[in-house]
Amino acid sequence: MTEFLEGPQGRRIAYNRVEGAGPGVLFLGGFKSDMQGTKAVFLEEWARATGRNFLRFDYSGHGESDGPFEEGAIGDWLADAQAVLSALTEGPQILVGSSMGGWISLLLARAMPERVAGLVTIAAAPDFTERGFWAEFSDLERAKLLREGRILRPSDYGEPYVITRRLIEEGRAHLVMEAPLPLSFPVRFLQGTADRDVPASWATDLLGHAQGLDMRLLLVKGADHRFSTPECLGLIGEAVEELLERI
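Mapping of the sequence shown onto our numbering: residues 1 to 247, in sequence order.
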């Protein structure tokens, strides 16, 4: 059953929660995704089957949460995640971040390390507004974005993405690949080699950049960005269970 949290700046944040044993698992979805996605639902079913506390939610402008998507940026969605972690969970949590959720989870770990027991990322996209969108724009596209404040970018998942000037510029305040990134808890990075949205090289870059004593990267040959085949979902569950055993 969907519930709502009064989030930052009065935005209502939609969430689903499963009560169970701790440490809990918090799922953080991707850019223009929502908590009804395959991976989020799979983890909720896993949590019910194992008696584990679990929470999934929609960032503002996503899914059932308040606000226009185009007005959002990384800092807004990070604030949503911080509000959810603070108000709706107790004690350290295992964060599972998919795509943009991988970036958000790294920002959470940097801002609230005492609330993170472990981290699993799936096709993590840290700094994607800069390393992905801005880096791939032509000079003409960059000029149009700066002049008009928005630009359309094709998507493999439906309607084109609206990329705003604020999304790009505000994202620069939240980069994680240009400063030390200590992760003092067990970490598992999952990445498909056939991902057309997040290059596998980003995963190896992240592994090399982050600092921690218990950190592994699993590359899955042929897996795409969705990482949602039965085999891939099984790997997500195994990664979470391994962290729970270590904790």
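These are computed hints drawn from the structure, not numbers from a lab. Be aware that a few hints might be false.
[Unchecked claim] The list that follows gives simulated cross-link-like pairs (lysine to aspartate or glutamate, EDC-like), each with its CA atoms no further than 16 Å apart: (1) Lys32 - Asp214; (2) Lys221 - Asp195; (3) Lys32 - Glu6; (4) Lys32 - Glu3; (5) Lys32 - Glu70; (6) Lys32 - Glu231.
[Claimed, not checked] Pair ranges (Cβ atoms, derived): (7) Glu242 - Val41: 35 to 43 Å; (8) Thr50 - Glu169: 38 to 46 Å; (9) Pro199 - Glu6: 18 to 26 Å; (10) Glu141 - Leu175: 16 to 24 Å; (11) Glu141 - Thr50: 40 to 48 Å; (12) Ala143 - Glu70: 28 to 36 Å; (13) Thr193 - Glu6: 38 to 46 Å; (14) Glu90 - Arg166: 29 to 37 Å.
C-beta: ideal position from N, C-alpha, C; glycine also.
Verification of the supplied hints:
Proposed proximity of Lys32 and Asp214 is contradicted: the alpha carbons are some 31 Å apart, above 16 Å. At roughly 10 Å between alpha-carbon atoms, Lys221 and Asp195 fall within 16 Å of each other, so this suggested pair holds. Our distance criterion of 16 Å between C-alpha atoms is broken by Lys32 and Glu6, whose separation comes to about 20 Å. With a C-alpha separation of about 20 Å, the suggested pairing of Lys32 with Glu3 is violated against the 16 Å cut-off.
For the hint linking Lys32 to Glu70, the alpha-carbon distance of about 10 Å falls within 16 Å, and the restraint holds. With a CA separation close to 24 Å, the supplied pair Lys32 and Glu231 exceeds the 16 Å bound. Between Glu242 and Val41, the C-beta spacing of about 21 Å breaks the proposed range 35 to 43 Å. For Thr50 paired with Glu169, a C-beta distance near 42 Å keeps the hint of 38 to 46 Å intact.
For Pro199 paired with Glu6, a C-beta distance near 38 Å fails the hint of 18 to 26 Å. Taking the beta carbon of each, Glu141 and Leu175 are about 21 Å apart, inside 16 to 24 Å as hinted. Under the hint 40 to 48 Å, the C-beta atoms of Glu141 and Thr50, about 46 Å apart, fit the expected range. Restraint check, Ala143 to Glu70: a C-beta distance of roughly 20 Å breaks the suggested window 28 to 36 Å.
Look at Thr193 against Glu6: about 42 Å separates their beta carbons, and that is inside 38 to 46 Å. At roughly 34 Å, the beta-carbon separation of Glu90 and Arg166 lies within the given 29 to 37 Å, and the hint holds.
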